[in-house]
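A.B. asks: So you can see what is in the structure, the chains are spelled out below.
Number of protein chains: 2
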Amino acid sequence: MSSVDPRPVLIAGAWSLSDKVDTFRAIHPRTLQPIGPRYPVSSRKDLQIALQAGSEAAMAMAVTAPEDVARFLEALAHRIEARRAGLVQTAAQETALPPSPRLAEVELPRTTRQLRQAAAAVRDGSWRAPTIDTSTHVRSMYGPLGGPVAVFGPNNFPFAFNSVGGGDFAAALAAGNPVIAKANPGHPQTTEMLAAEAHEALLESGLPPAAVQMVYQMPYEEGKWFVAHPLLGATAYTGSRASALALKRAADLAGKLFYMETGSVNPVVILPGALEERADEIARELVASCLMGTGQFCTQPGLVFVLAGERSEAFIADVVRGFEEAPVGTLLSKGVAENLVRSVEGLRKAGAERLTGGRPGGGEGASYRNTVLRVPARRFLKRPVDLEREAFGNETLFVVAEDRTNLVAALGALEGNLTGSVYTRRDVSEDDLYDEVASVLRRKVGRLINDQMPTGVAVCAAMNHGGPYPATSHPGFTAVGIPPALLRFAALHCYDNVRPHRLPVELQDRNPTGRLWRRIDGEWTTADVPS
Amino acid sequence: MSSVDPRPVLIAGAWSLSDKVDTFRAIHPRTLQPIGPRYPVSSRKDLQIALQAGSEAAMAMAVTAPEDVARFLEALAHRIEARRAGLVQTAAQETALPPSPRLAEVELPRTTRQLRQAAAAVRDGSWRAPTIDTSTHVRSMYGPLGGPVAVFGPNNFPFAFNSVGGGDFAAALAAGNPVIAKANPGHPQTTEMLAAEAHEALLESGLPPAAVQMVYQMPYEEGKWFVAHPLLGATAYTGSRASALALKRAADLAGKLFYMETGSVNPVVILPGALEERADEIARELVASCLMGTGQFCTQPGLVFVLAGERSEAFIADVVRGFEEAPVGTLLSKGVAENLVRSVEGLRKAGAERLTGGRPGGGEGASYRNTVLRVPARRFLKRPVDLEREAFGNETLFVVAEDRTNLVAALGALEGNLTGSVYTRRDVSEDDLYDEVASVLRRKVGRLINDQMPTGVAVCAAMNHGGPYPATSHPGFTAVGIPPALLRFAALHCYDNVRPHRLPVELQDRNPTGRLWRRIDGEWTTADVPS
Numbered sequence: 121m122s123s124v125d126p127r128p129v130l131i132a133g134a135w136s137l138s139d140k141v142d143t144f145r146a147i148h149p150r151t152l153q154p155i156g157p158r159y160p161v162s163s164r165k166d167l168q169i170a171l172q173a174g175s176e177a178a179m180a181m182a183v184t185a186p187e188d189v190a191r192f193l194e195a196l197a198h199r200i201e202a203r204r205a206g207l208v209q210t211a212a213q214e215t216a217l218p219p220s221p222r223l224a225e226v227e228l229p230r231t232t233r234q235l236r237q238a239a240a241a242v243r244d245g246s247w248r249a250p251t252i253d254t255s256t257h258v259r260s261m262y263g264p265l266g267g268p269v270a271v272f273g274p275n276n277f278p279f280a281f282n283s284v285g286g287g288d289f290a291a292a293l294a295a296g297n298p299v300i301a302k303a304n305p306g307h308p309q310t311t312e313m314l315a316a317e318a319h320e321a322l323l324e325s326g327l328p329p330a331a332v333q334m335v336y337q338m339p340y341e342e343g344k345w346f347v348a349h350p351l352l353g354a355t356a357y358t359g360s361r362a363s364a365l366a367l368k369r370a371a372d373l374a375g376k377l378f379y380m381e382t383g384s385v386n387p388v389v390i391l392p393g394a395l396e397e398r399a400d401e402i403a404r405e406l407v408a409s410c411l412m413g414t415g416q417f418c419t420q421p422g423l424v425f426v427l428a429g430e431r432s433e434a435f436i437a438d439v440v441r442g443f444e445e446a447p448v449g450t451l452l453s454k455g456v457a458e459n460l461v462r463s464v465e466g467l468r469k470a471g472a473e474r475l476t477g478g479r480p481g482g483g484e485g486a487s488y489r490n491t492v493l494r495v496p497a498r499r500f501l502k503r504p505v506d507l508e509r510e511a512f513g514n515e516t517l518f519v520v521a522e523d524r525t526n527l528v529a530a531l532g533a534l535e536g537n538l539t540g541s542v543y544t545r546r547d548v549s550e551d552d553l554y555d556e557v558a559s560v561l562r563r564k565v566g567r568l569i570n571d572q573m574p575t576g577v578a579v580c581a582a583m584n585h586g587g588p589y590p591a592t593s594h595p596g597f598t599a600v601g602i603p604p605a606l607l608r609f610a611a612l613h614c615y616d617n618v619r620p621h622r623l624p625v626e627l628q629d630r631n632p633t634g635r636l637w638r639r640i641d642g643e644w645t646t647a648d649v650p651s
Numbered sequence: 121m122s123s124v125d126p127r128p129v130l131i132a133g134a135w136s137l138s139d140k141v142d143t144f145r146a147i148h149p150r151t152l153q154p155i156g157p158r159y160p161v162s163s164r165k166d167l168q169i170a171l172q173a174g175s176e177a178a179m180a181m182a183v184t185a186p187e188d189v190a191r192f193l194e195a196l197a198h199r200i201e202a203r204r205a206g207l208v209q210t211a212a213q214e215t216a217l218p219p220s221p222r223l224a225e226v227e228l229p230r231t232t233r234q235l236r237q238a239a240a241a242v243r244d245g246s247w248r249a250p251t252i253d254t255s256t257h258v259r260s261m262y263g264p265l266g267g268p269v270a271v272f273g274p275n276n277f278p279f280a281f282n283s284v285g286g287g288d289f290a291a292a293l294a295a296g297n298p299v300i301a302k303a304n305p306g307h308p309q310t311t312e313m314l315a316a317e318a319h320e321a322l323l324e325s326g327l328p329p330a331a332v333q334m335v336y337q338m339p340y341e342e343g344k345w346f347v348a349h350p351l352l353g354a355t356a357y358t359g360s361r362a363s364a365l366a367l368k369r370a371a372d373l374a375g376k377l378f379y380m381e382t383g384s385v386n387p388v389v390i391l392p393g394a395l396e397e398r399a400d401e402i403a404r405e406l407v408a409s410c411l412m413g414t415g416q417f418c419t420q421p422g423l424v425f426v427l428a429g430e431r432s433e434a435f436i437a438d439v440v441r442g443f444e445e446a447p448v449g450t451l452l453s454k455g456v457a458e459n460l461v462r463s464v465e466g467l468r469k470a471g472a473e474r475l476t477g478g479r480p481g482g483g484e485g486a487s488y489r490n491t492v493l494r495v496p497a498r499r500f501l502k503r504p505v506d507l508e509r510e511a512f513g514n515e516t517l518f519v520v521a522e523d524r525t526n527l528v529a530a531l532g533a534l535e536g537n538l539t540g541s542v543y544t545r546r547d548v549s550e551d552d553l554y555d556e557v558a559s560v561l562r563r564k565v566g567r568l569i570n571d572q573m574p575t576g577v578a579v580c581a582a583m584n585h586g587g588p589y590p591a592t593s594h595p596g597f598t599a600v601g602i603p604p605a606l607l608r609f610a611a612l613h614c615y616d617n618v619r620p621h622r623l624p625v626e627l628q629d630r631n632p633t634g635r636l637w638r639r640i641d642g643e644w645t646t647a648d649v650p651s
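In the order they appear, the protein sequences are chains A and B. Residue numbers for the first sequence follow this note's numbering, so the first one is 121 and each next one is one higher. Residue numbers for the second sequence follow this note's numbering, so the first one is 121 and each next one is one higher.
Just so you know, the hints here were simulated from the structure itself, not pulled from any lab data. Incorrect hints may have been included.
Chain copies aren't distinguished; within one or between two, either way the pair holds.
Straight line, CA to CA, 35 angstroms or less: simulated DSBU-like cross-link-like pairs of lysine-lysine [said to hold, decoys possible]:
| no. | residue 1 | residue 2 |
| --- | --- | --- |
| 1 | 469 | 140 |
| 2 | 165 | 502 |
| 3 | 454 | 502 |
| 4 | 502 | 140 |
| 5 | 140 | 344 |
| 6 | 344 | 469 |
| 7 | 165 | 454 |
Kindly produce the complete structure, drawing on both the sequences and the hints.
C.D. replies: Structure follows, in structure tokens:
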């Protein structure tokens, strides 16, 4: 089907002609011209086929050996590496993200590492938290949801969060669920290439061919129908808050799980002692963190809190200089640039003052000048909701607090965020103020950081890429970090008085691998159940 | 305030006059006459005071020692035991549940056991799943939500699920959150007595006095405002589905966590071999499970599946006899009796045939005759949603499947349920059909049971009193079983590069107790972090 126009969708285990309602093409963010083939906007019929096939695949996967799932995830990682040059080139064209180091040396290896970590988690099985109470004959563990997981990928990570091959995809499959991916329309060809590799990897593995399905786009109303469908297990959505909330509403009404990760403003608090000690170093870190990837990270520092004073003024001036000296990057799309115009306007209307930037252009294609704004905490406290609206891109807003009371009050007025960072003097002399600041931030953020910018997200078991609403829809779950990210896509399966030979191997008396961690009568152990 | 009329509410750390919009009294289910004092229906003002005080208590609890929480829970257990006679007498009057053995020997000891298990979980701390990645300096664990948890208690467990002292109450506090309890209006005096004990226990402990607050009732619209309030951490609701869904909608729209447990029909599948082998025994078990507590259990078997045949006919006849011979109990309230009339009518309209009962009366006060209905699977398959509507009380519905295909199809048409039970012949000769039945049920229920009725719910770590929607709102969580029940009320708290002395003790290198289970670099251990 290599010359099909528009391109086929991957549903029911095969590349098929879409029952389309429209078509679209990717737009080159630098030239703003269409590139690559035409892609279909799927009708409800495509989605219906995918849901039915996904539901059957979910039943088949309930009896698939974990080893098959692990081999699939590893085969996909291997295939992505084998096609690295083409993937990087295509993604760079579609997103304007730098091919090197960003795409080739950072994001692609992160993606394959995630897939391999997911494979390891599946093989190990300890993520299921097998729990055995010997005296009551009750045993339980996490299992799949029983229906496919819809994954909506964002525009800003064409590999690591791609709806095919990205973090949510890996987590959903590792938890034993089929995936129905909805490509991000910003990079359809990258997604098509990843889906082609996933499909081939599937055919080599023991998984049902409909374990991975993919459509490119769907009309707004059909999206709401889709996430609320009875056959669906859950939705993982990463992207803009407005779309997320409309879909969440539809899913909630139908009692369907909906995990959203819609970014945040990631407050960074820089206390006076840190500025006294290392203002230059922190300014460099802040500028780099704000402008990396043209500021298009969920964890970009969008709000920087300092206490009023000469040192803070010098620091702000230094950061402004850094923003002015840095080249203006190309944004992911014209839409991102337009949103940034609107967002900065909104912040200014709410009382923020422009220090630099604040208008479109300055770079190639879709671009907006590197922008720094400021607002006194006193004013921030009057309109906190308007002033903590995310401006996705190369912008940041300083909040200058008149005193400690206003600093703490302004932090207390924040909504839920993914991260919160605090910089203090290297010794313990600022620990009192730190404690006050951290105790407020702890309730507001998923990840509390010291002496570091929020943009680095290590893929490790202790990571939390999550946080209180509206950063995400549930503060108990993380979208990054394996195995915990799998728990979003798991149901708790309890077996009460079930005859021993009918139990899943993970819950039988004998530890199936000798390495599986299980909680037996309250103690974690890799031993067999004592007889 | 012992003679205050109406009774005061417990808000902001003290018994206070309610800013009431109305009053009500409990109704004796046997005499249908009002009993006990008048109780207030709280206005929004009461709720506002409670939310503000609860939010401040949440901040205070963030730095409260776990030992203080544990001592509070134990003190409450002790006080409940000390006041046992009065509590049992009052609850029996308000609910018509048998004082003995049900209330005094079963439910009250279960309640105090839950409180003590929660205390043990708090002291142990392993429920927080402290996770340490040494190479990345990222550490995380579960912590409190940062706001009070609203607990709405059901009518059918005046102690074990009471909004004060019951399972959700214990779990929310053990996870470090204050509770704002909303009493069930069916047993206000029982709840008042429990709240009095909780308040005294609080004053003896190091917890903030507003860690436990309680109101009796609120207008419908104020309930929706309450569960959506920004200061609230989460809501746990056990009760009728219609009210639950209205509140869930309001909470969802505001991004507030809402855990509902609204019961289910708990399919019991009895395969031919089991009937051939032990029909009498199973009939006795079924009748007892259906009529215990006049059938008013979340896990009461409301749907019983058999394959058509002579043995099944004899079995059904036997069960009908059992229902007819058993005394007709008094229901919890006139409202429950009226709902049962409507529910059975609905089932009959949808095609169910009456075998016995099917009309009000037959017992003292609020009562309804022990009722058995039947429907062929063929007809069930035409209107599954109408025929799996819960009829809360002493009723059950047989679904007679024409063949294995229809049996499996009918099970496949079920919505989410708390439990599913399967009875088979004692040897392995029915395992093929078991596998088919169990694989369908596994996706539909939280707890899969063999050779046992669902009404016994052991309070142990492996228990799952939960299940797919609409039985609950999230299939990954359980309302019974400590420590897992705590996770509903927890946020994932990550610490990234946080200086060692600022970490919570649970995440510092040294294991604080030598017994705390932590996941260090992927392995569960009670050891210190290797240096």
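A.B. asks: For every hint, state whether the structure bears it out.
C.D. replies: We went through each hint and held it up to the structure:
| no. | hint | result |
| --- | --- | --- |
| 1 | 469 / 140 | neither (42 angstroms within a copy, 42 angstroms between copies) |
| 2 | 165 / 502 | between (49 angstroms within a copy, 24 angstroms between copies) |
| 3 | 454 / 502 | within (32 angstroms within a copy, 51 angstroms between copies) |
| 4 | 502 / 140 | between (48 angstroms within a copy, 33 angstroms between copies) |
| 5 | 140 / 344 | within (17 angstroms within a copy, 41 angstroms between copies) |
| 6 | 344 / 469 | both (33 angstroms within a copy, 33 angstroms between copies) |
| 7 | 165 / 454 | within (31 angstroms within a copy, 49 angstroms between copies) |
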